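Asks: Taking the hints into account, I'd like the entire structure generated from these sequences.
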Amino acid sequence: GESVGLHLPTLSVQEGDNSIINCAYSNSASDYFIWYKQESGKGPQFIIDIRSNMDKRQGQRVTVLLNKTVKHLSLQIAATQPGDSAVYFCAEIKNFGNEKLTFGTGTRLTIIP
Amino acid sequence: DAGVIQSPRHEVTEMGQEVTLRCKPISGHNSLFWYRQTMMRGLELLIYFNNNVPIDDSGMPEDRFSAKMPNASFSTLKIQPSEPRDSAVYFCASRGPINEQFFGPGTRLTVL
Chain G
7 GESVGLHLPT
17 LSVQEGDNSI
27 INCAYSNSAS
37 DYFIWYKQES
47 GKGPQFIIDI
57 RSNMDKRQGQ
67 RVTVLLNKTV
77 KHLSLQIAAT
87 QPGDSAVYFC
97 AEIKNFGNEK
107 LTFGTGTRLT
117 IIP
Chain W
130 DAGVIQSPRH
140 EVTEMGQEVT
150 LRCKPISGHN
160 SLFWYRQTMM
170 RGLELLIYFN
180 NNVPIDDSGM
190 PEDRFSAKMP
200 NASFSTLKIQ
210 PSEPRDSAVY
220 FCASRGPINE
230 QFFGPGTRLT
240 VL
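Each protein sequence line maps, in turn, to chains G and W. For the first sequence, the residue numbers in this note's numbering are 7 to 119. For the second sequence, the residue numbers in this note's numbering are 130 to 241.
Don't read these hints as lab results, they were simulated from the structure. This one's a predicted model, so the numbers in the text were calculated from it and none came from an experiment. Keep in mind that a hint or two might mislead.
[To be verified] Below 20 Å or equal to it, Euclidean Cα-Cα: the simulated EDC-like pairs (lysine to aspartate or glutamate) are: (1) 207/W / 140/W; (2) 100/G / 229/W; (3) 100/G / 185/W; (4) 106/G / 55/G; (5) 77/G / 55/G; (6) 77/G / 37/G; (7) 100/G / 173/W; (8) 100/G / 186/W; (9) 48/G / 229/W; (10) 106/G / 186/W; (11) 48/G / 90/G; (12) 106/G / 185/W; (13) 48/G / 140/W; (14) 48/G / 173/W; (15) 62/G / 229/W; (16) 100/G / 61/G; (17) 207/W / 173/W; (18) 197/W / 147/W; (19) 106/G / 229/W; (20) 207/W / 143/W; (21) 207/W / 191/W; (22) 106/G / 173/W; (23) 74/G / 55/G; (24) 153/W / 229/W; (25) 62/G / 37/G.
Replies: See below:
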């Protein structure tokens with residue numbers, strides 16, 4: 007069936023290093039992708055999004071890459087800080103304007119001081 | 130703005146009891162979403178409203194679950210009767226004119 011999934015459930019990175027979190031999706035018709043960050047005891051927080059007609063988008067210390075050929079999405083966090091420790095989810099919307107988000111299972115990122 | 134407000138933050142109840150979760154979306158947001166998060170199933174969309182009208186309730190597990198949005202500033206998710214497998218964190222989110230959903234802090238429900 008169609009799904010949004012993650013390659014790795016956990017990732018540990020030394021503070022100051024860059025991190026890459028990966029996400030695979032199976033619905034080639036998905037139109038829009040979002041990365042969320044969830045800290046312990048809190049709700050998910052929007053980080054960055056990308057539409058399917060783009061292959062890269064940059065924010066502050068974060069970059070999202072979209073490879074539609076292999077249906078792969080990644081989130082790069084530069085110069086990681088302790089506050090980056092959280093669970094990161096990718097989510098997809100099948101049609102831009104349709105509001106229904108499908109979330110992946112999440113990757114727990116731990117920044118090692 | 131205070132963001133999305135949910136109450137209660139924690140709820141412990143016994144099997145068979147009715148549970149009502151409440152949500153106040155961000156003022157001016159037209160869409161409201163109810164999610165459930167568990168370790169086993171992750172984040173699942175239960176139902177969402179647009180302009181107070183339920184649009185997609187295909188994620189609602191069964192008839193024990195119901196949701197209402199009587200006005201633009203309030204929504205409830207009710208479970209009656211509750212069961213231990215309903216234990217989860219329930220999130221409410223709202224969305225405004227841009228395609229970003231803002232999540233509340235969640236309600237942690239424990240059904241004994």
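Asks: State for each hint whether it applies.
Replies: For each hint, the structure was consulted:
Under the criterion of a C-alpha separation no larger than 20 Å, the hint pairing residue 207/W with residue 140/W is consistent with the structure, at around 13 Å. For a cut-off of 20 Å, the pair hint linking residue 100/G to residue 229/W stands: about 15 Å separates their Cα positions. Annotation: proposed proximity of residue 100/G to residue 185/W holds, straight-line Cα distance about 14 Å (limit 20 Å). A threshold of 20 Å between alpha carbons decides the hint, and for residue 106/G with residue 55/G the separation of about 15 Å falls inside it, so the pair holds.
Annotation: proposed proximity of residue 77/G to residue 55/G holds, straight-line Cα distance about 16 Å (limit 20 Å). Taking the CA atoms of residue 77/G and residue 37/G, the gap is near 12 Å; set against the 20 Å cutoff, the hint holds. In summary, the hint linking residue 100/G to residue 173/W is supported, as the alpha carbons are separated by about 15 Å, within the 20 Å threshold. The suggested pairing of residue 100/G with residue 186/W holds, with an alpha-carbon distance near 17 Å, which does not exceed 20 Å.
The straight-line distance between the Cα atoms of residue 48/G and residue 229/W is roughly 17 Å, inside the 20 Å bound, and the hint therefore holds. Among the hinted pairs, residue 106/G with residue 186/W is consistent with the structure: their alpha-carbon atoms are about 11 Å apart, no more than 20 Å. Simply put, residue 48/G and residue 90/G have alpha-carbon atoms about 14 Å apart, close enough for the 20 Å limit, and the pair holds. Between residue 106/G and residue 185/W, the direct Cα distance comes to roughly 8 Å. Compliance with the 20 Å bound is thereby established for this hinted pair.
For the proposed pair residue 48/G and residue 140/W, the alpha carbon gap of about 16 Å is at most 20 Å, so the pair holds. In summary, the hint linking residue 48/G to residue 173/W is supported, as the alpha carbons are separated by about 16 Å, within the 20 Å threshold. Of the supplied pair hints, the one linking residue 62/G and residue 229/W holds, its CA atoms being roughly 18 Å apart against a limit of 20 Å. Distance restraint check for residue 100/G and residue 61/G: the Cα-Cα separation of roughly 17 Å lies within the 20 Å cut-off, and the hinted pair is therefore satisfied.
Distance hint between residue 207/W and residue 173/W is fulfilled; the C-alpha atoms sit about 16 Å from each other, no more than 20 Å. Pair hint residue 197/W plus residue 147/W holds up; C-alpha atoms about 15 Å apart against a cutoff of 20 Å. For the given pair, residue 106/G sits about 11 Å from residue 229/W by alpha-carbon distance, which is consistent with the 20 Å threshold. For the hint pairing residue 207/W with residue 143/W, the CA-to-CA distance comes to about 15 Å; that is within 20 Å, so the pair holds.
A distance of roughly 12 Å separates the Cα atoms of residue 207/W and residue 191/W; the hinted pair therefore holds under the 20 Å criterion. Proposed proximity of residue 106/G and residue 173/W is supported: the alpha carbons are some 10 Å apart, at most 20 Å. With a C-alpha separation of about 15 Å, the suggested pairing of residue 74/G with residue 55/G holds against the 20 Å cut-off. About 17 Å separates the Cα atoms of residue 153/W and residue 229/W, which keeps this hinted pair within 20 Å; it holds.
A threshold of 20 Å between alpha carbons decides the hint, and for residue 62/G with residue 37/G the separation of about 14 Å falls inside it, so the pair holds.
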